[in-house]
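J.: In order, the protein sequences belong to chains A and B. If you're matching positions, the first sequence starts at 1 in the numbering used here and goes up one per residue. If you're matching positions, the second sequence starts at 1 in the numbering used here and goes up one per residue.
These are calculated hints, taken from the structure and not from any lab test. Any given hint could be a false lead.
To be verified - In silico contact screen, one side only, chain A against chain B (beta carbon under 10 angstroms); selected entries:
| # | residue |
| --- | --- |
| 1 | Val-109 |
| 2 | Ile-115 |
| 3 | Ala-163 |
| 4 | Asn-190 |
| 5 | Leu-202 |
| 6 | Ile-236 |
| 7 | Met-241 |
| 8 | Leu-243 |
| 9 | Gly-244 |
Stated by the list, open to error - Below 27 angstroms or equal to it, Euclidean Cα-Cα: the simulated DSS-like pairs (lysine-lysine) are:
| # | chain 1 | residue 1 | chain 2 | residue 2 |
| --- | --- | --- | --- | --- |
| 10 | A | Lys-33 | A | Lys-20 |
| 11 | B | Lys-209 | A | Lys-254 |
| 12 | B | Lys-126 | A | Lys-254 |
| 13 | B | Lys-126 | B | Lys-209 |
| 14 | B | Lys-305 | B | Lys-232 |
| 15 | B | Lys-305 | B | Lys-6 |
| 16 | B | Lys-197 | A | Lys-254 |
| 17 | B | Lys-305 | B | Lys-7 |
| 18 | B | Lys-223 | B | Lys-159 |
Claimed, not checked - Examples of chain A residues lying across from chain B (beta carbon under 7 angstroms, computed):
| # | residue |
| --- | --- |
| 19 | Val-114 |
| 20 | Tyr-201 |
| 21 | Phe-225 |
Positions of the beta carbon are idealized from the N, C-alpha and C atoms, including for glycine.
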Amino acid sequence: MIGAVLTGMVVILALWGAIKTPYDPMAMDGAAKFSGISLRHPMGCDQFGRDIFSRVIVGVRETMLISASVVLIGTFFGTIIGTITGYFGGWLDEIIMRLNDAVLAFPSVLLALVIIGIFNSGKYQLILALGIAFIPSFARIVRGEVLKIRNLDYIQSVKLYGASDFRIILVHILPNLKTVLMSSVLIGFNNAVLAEAGMSYLGMGVQPPNPSLGRMLSEAQAFIFTSPLTAIFPGIIIVIMILGFSLLGDRVGKKS
Amino acid sequence: MKYVLKKLLTMIITLLAVSILVFFAFSLIPGNPAISRLGTEATQESIDALTHEMGLDRPVMVRFGEWVTGILRGDFGMSYSYNQPVMKLLSQKLGTTILLSLMAILLTVLLAFPLGIYMARNSDSKLDIALTTINQIIMAIPSFFSGILLTLIFGVTLKVFTPGAFVSYKTNFMGCLGYLFFPALSIALPKVTMVSKLLKDTALSEANKDYVRTAYSRGNRTKAVFYNHVLKNAMIPVITFLGMTFADIIAGSIIVEQVFSVPGMGRILLTSISGRDYPVVEAIILILAAFVVVSNLVVDLLYHKFDPRIHV
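Based on the sequences and whatever the hints tell you, model everything.
T.: Listed below in structure tokens is the structure:
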């Protein structure tokens, strides 16, 4: 319940950020530099006098879009790899899964940093890097489920009817992955938000002056002695996002 | 023994695979590192000369062979931007990161075990419910934000430590430990919540099993049953999780070093990635990979020791 409320809040903020922001998130106002909380600026202003609330909601929108793309890449390729290796088995399965486990052993932030090192930093590069880093965990989950389903009686009987492998996978296996994918998508989304915030904190994601939550934190850190509020709000929003999605993920996981 | 050998062999193969992937990935990137070092104004002659000096004009396979044999001798080549052997550049930073990671894992164990045991023994008490709720919230705080909050509370307001005043462990070991305490804490906090929750959950599910009932029916005291039977079995998944966490803790230190301005591996990794200093990046990735693989090996062996039935 709390998870749904928090997630709802985040979605509203993201939509708000997508449609219209109270101020131009990039507009600087020298007079408003480091101004505290007020009716005009509910979260105050940063070192350039930019409205933090406007930047936060655009940042939420960016984080949501990036995380959704990352999870989409991970789920799509993870499902393909997991289904093929799980269904056909054999030496291909052995090789790919060994590779998969080796990649899985590395923390996704580290892997994403390597890929960023190859492709350079930026928003789309970050999506690609995190997307690749997220494939193995989805592949593993899907493979395990496909292995289970493959040996069920109804698949055997469809086989006796002469259905092709392609048809079995498409019609009889993929739809049954729905429940397992649902909860891992939510958990993946949660991890993606965390990874995106971490990477943009390190300066590897959305590039300035475009707002991103992680970047706002790292920029605000320089002024922590004089105006700590600049760091607090983006941070709290990140916490709310992660808390909301993880509570929601727990619930869906328990239900299925 | 055969089990250990098999594990060692897999470890070596994994490391070899990582080194191949890392080396070729960075070799195939378009663009000549010599040009990025000299700038766009450089003449063709100077570019050619530097390319030759850096050995980049030779075939990729030859360079790979030299790189691998060099590593076996502990030589990771020369850094492009610092003009120093990579190993010399990294040695002290490596020590700092290891110290930070060890402190973080120590803090995780020291905080999570008593907490998890308390929550398991007093489950559904008011304090347990409060702790579970706090746990859930702390779990959602990324280490870089908790680092900023710790800096704000202990550095800026209470002045327990001075943010940015890192001292090397070589000049002042205790001072270094003192400075690394808060970075280690911010890495450890989310792990503490996960480990204590896992410990509580597994202990509670163990407590419902038949052998526990048998132990009670033989007249054992609650405390003895908990520590001698339940906890012992609940430890297995917890230890596996701790082992997997070790990799995460190293990755976490990359970010947290940035928060607390600790000059460790994370910092130089980031500057080397943006400065396209590939020998340094390759070396760091390989060293971190070695850590991950070795810690996984240790976990597997411990796992095997705790429960000889298990062959992972």
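J.: Any of the earlier hints contradicted here, and which numbers?
T.: 3, 18
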